[in-house]
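Trainee: Residue numbers (my numbering), protein chains in the order written: chain C, 1 to 346; chain Y, 1 to 346.
Keep in mind that the hints are not guaranteed to be accurate.
Any copy will do: because identical chains look the same in the list, a pair fits if it lies in one copy or spans two.
With a straight-line Cα cutoff of 25 angstroms, these simulated DSS-like cross-link-like pairs (lysine-lysine) come out [as the list claims (entries may be wrong)]: (1) Lys24 <-> Lys59; (2) Lys278 <-> Lys24; (3) Lys268 <-> Lys193.
Just so you know, the hints here were simulated from the structure itself, not pulled from any lab data.
Read off the chains here:
There are 2 protein chains.
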Amino acid sequence: MTHKLALIGFGTVGQGLAEILRDKGAALRNNLGFDAQIVAISDFIKGSLYHPGGLDIAKLLEVVQSTGKLDAYPDSPGLVRGWDSLTTIRQSNADTVVEVAYTDINTGQPAIDHCRAAFISGKNVVMSNKGPVALAYQELSALAKGNNVRWGFEGTVMSGTPALRMPLVSLAGNDIREVRGIFNGTTNYILTKMEEGMSYEAALKQAQELGYAEADPTADVEGFDALGKVVILANVIMNAPLTKKDVACQGISQLTLEDIARAKAAGKRWKLIARCSKEGDRVTASVAPEMVSLSDPLASIMGATNAITYECDLAGPITLVGAGAGRVETGFSILIDLINIHRGNI
Amino acid sequence: MTHKLALIGFGTVGQGLAEILRDKGAALRNNLGFDAQIVAISDFIKGSLYHPGGLDIAKLLEVVQSTGKLDAYPDSPGLVRGWDSLTTIRQSNADTVVEVAYTDINTGQPAIDHCRAAFISGKNVVMSNKGPVALAYQELSALAKGNNVRWGFEGTVMSGTPALRMPLVSLAGNDIREVRGIFNGTTNYILTKMEEGMSYEAALKQAQELGYAEADPTADVEGFDALGKVVILANVIMNAPLTKKDVACQGISQLTLEDIARAKAAGKRWKLIARCSKEGDRVTASVAPEMVSLSDPLASIMGATNAITYECDLAGPITLVGAGAGRVETGFSILIDLINIHRGNI
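I would like the entire structure built from these sequences, with the hints used as guidance.
Mentor: Written out as C-alpha cells, the structure is:
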C-alpha cells in the first residue's frame with residue numbers, strides 16, 4: 001500500500017525528506033516494501049499544492065529550488081492550489097501529515113493545532129519539531145491513541161540518531177533508572193574549543209560562523225534546547241508527565257577557562273549534561289554543566305556530536321552516539337518514523 | 001496470550017532468563033502485556049521436565065540451585081520427566097524454543113539440529129549462542145521464514161546491547177556502508193591494561209583471574225570470537241552470505257609494549273577491530289588490531305566494554321556502546337527477542 005503524505009511546510013526538513021524519497025524511493029520499495037507518495041504540500045510562504053493521485057517529487061524540488069515557490073509546478077487535471085494547512089490536513093487523502101512548518105518555540109503553535117486536527121481527522125503525524133512534544137505530550141499522545149493513529153517524533157531529541165525508538169524497541173523490559181546525555185551540539189562544540197584554549201566568546205563566535213549557533217544563541221547556551229529534550233525523554237521513556245517548569249536548568253555561559261583548567265587537573269571534562277532520574281517512582285530532571293570523568297563514554301563526545309546513556313537494570317549502561325542535527329539526518333528521522341508506521345512497529 | 005517457552009539447556013543463560021521472568025514477570029505483564037510461561041526444560045545433565053500447563057519458575061530455580069538437578073521438582077498430574085531435547089522441541093506445546101544448551105563452537109551442533117526441528121515443528125527459536133547464526137544463517141533463516149516462525153538471536157553479537165535490532169528497526173532505510181566494532185571484552189581488557197604498562201602475558205593472566213578469559217584463551221586473543229560476530233553482522237545487517245573462511249583474521253597475541261608506545265606517540269590507541277564493508281555490492285570483512293585515532297568513539301571504549309559503529313548514508317555514523325557479556329545481560333538478550341516476537345516487531 002502506498003503511504004500518502006501531506007507536508008505542512010516545505011523548508012529544510014521537508015525538502016530533505018523529499019530528496020530522500022526522490023533519490024532512494026526505488027531502494028525503499030525493493031528493500032523494505034515501503035512506498036511513499038507526496039499528495040499535498042502546504043507552505044505559508046511557498047504556496048500549496050494537492051493532488052489525490054500524488055505530486056511529482058522531482059518536479060516539486062526543481063520548482064522550489066529554482067524559484068523559491070511552488071507556483072510554477074505544472075497544472076494537471078485534479079490539481080488543487082492554495083489550500084491552507086488546516087484544510088490540507090482535514091481535506092486531503094493523506095495517511096500521514098508530515099509537520100515541518102515553522103513553530104513558535106514558546107507556544108508550540110501552530111504545530112499543536114496541526115496535530116489535533118490531524119488526529120481528529122484520522123491521520124498519523126510525523127514531526128521533528130520538539131515544541132509540541134515538549135509542551136503537549138500527554139494531551140496529544142492520548143488524542144492520537146484515542147483516534148487509533150500514530151504520532152512519530154524520533155527526530156525531536158537527537159535528529160536521525162534513534163534516542164527514542166532504540167530504547168522503546170530494543171531495551172523494552174528494562175527498568176531504565178536514569179537517562180543522561182549531551183543533546184546540544186553548539187554548547188558541546190564551544191566546550192570542546194574552550195578545552196583547546198579558546199575563550200567562551202571566541203568559541204561562540206566560531207560556532208555562529210559555522211552555522212551551529214543562532215545569531216541569538218540563548219536557547220543553546222542557557223540550556224533551554226536541552227531542557228526541551230529532557231522533558232521529552234522524561235515523558236516518553238520514563239512515562240513521567242514532567243513539564244519544562246519542573247526542570248532545573250543552567251547553561252554554560254558562566255564557564256571560564258579557569259573552570260576548564262580545574263576540570264582538566266582533576267582528570268575530568270565539562271559537559272552540558274541533561275539528566276532524568278527515577279528514585280522510587282519519583283522522576284526528576286535537570287540540565288547543568290557537569291565535570292564528567294574521562295572514563296565515562298559521554299566524556300569522549302567532542303564537537304557537535306550528541307550522545308545519550310540509558311542506565312538499565314538488566315542490560316546495564318547503554319550509550320548511543322551520533323549526529324544531533326543536519327538536513328539529511330533530520331530528513332531521515334522523519335523517514336524512519338514513516339517506515340515503522342508502515343511496518344506497524346513502534 | 002501467554003507465551004509458552006521450552007528451554008533447551010538450563011545453565012547460566014537459561015537460569016538468568018528464568019530469574020528475570022520470576023522477578024519481573026508482573027512488571028512485564030503490566031507494562032508491556034508480555035506474559036511468559038516455561039512449559040518445558042530439557043538439560044542433558046540436569047534432567048528434563050514438561051508440563052503443558054506450565055512449570056513453577058521459582059521452584060525450578062530453587063531446585064536446580066540447591067541440588068544441581070531438576071529431579072527434586074515436585075510431581076503433579078500431567079508432569080512428564082525425561083524427554084530429550086528433540087522430543088521436547090517436537091512434542092511440547094511451546095510457542096518458542098529457547099536454545100541455551102552447550103554447543104560445539106566448530107560445528108554449531110546440536111543447536112543447528114535443534115533449530116531445524118523447531119522450525120519444522122512450527123516453533124520460534126531464540127538463542128544467544130553465536131554458532132548456528134555464524135555457521136548456518138542462510139539455511140536457518142530461510143527455514144524459519146518458510147515455516148512462518150521467528151528466529152531471534154540478538155545476544156549473539158553484543159549480548160544485551162542491541163547491535164542487531166537497533167539498526168534493523170531504528171536505522172532502516174539507510175544504506176549501511178560499513179560496520180566496525182569492538183566485540184571481544186577479553187582482548188579489549190588486555191589492551192587497556194597494556195596501555196597502563198602491563199605486559200601482554202600479565203594482562204592475559206589478570207583477565208583469566210577475573211573470569212573474562214577462558215583457560216584456553218585462543219578464541220579470544222586470536223580473534224576467532226570477533227570473527228564469528230562479524231560474520232553474523234555481514235549476513236544480518238548487510239545481507240551478504242559471508243562465511244568464516246571469507247574473513248581475514250588476526251588477533252592481538254603479537255602486540256608488544258613497543259607497539260603500544262608507538263600508537264601513543266602517534267595520538268592513537270590499539271583496538272581489536274572487526275570490520276565489515278561494502279564497496280559497490282561487494283562485502284568484505286576482517287578482524288585485526290588497528291591503531292584508532294583518539295577522536296574515534298571506538299578509541300574511548302576501555303576494559304571489557306563492547307561497541308559498534310554503523311556508517312549510514314543518511315543518519316551518518318551511529319555508535320552503540322554497552323556490555324558484551326554477562327549473566328543478566330545475556331538473559332535480557334533472550335527476553336528482548338521474546339518481547340519483540342510477542343509484539344510482532346522485528
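Trainee: Each hint should be assessed against the structure and marked as holding or not.
Mentor: Going down the list of hints, with the structure as the test:
1. Within a single copy, lysine 24 and lysine 59 get their C-alpha atoms as close as 16 angstroms, which meets the 25 angstroms cut-off; across copies the closest is 54 angstroms, which misses it.
2. Taking the closest pair of Cα atoms, lysine 278 and lysine 24 come within 25 angstroms of each other only across two copies (18 angstroms); inside a single copy the shortest separation is 42 angstroms, beyond that limit.
3. Proximity of lysine 268 and lysine 193 under a CA criterion of 25 angstroms is satisfied in both settings, with 15 angstroms inside one chain copy and 20 angstroms between copies.
In this structure, every one of the numbered hints holds.
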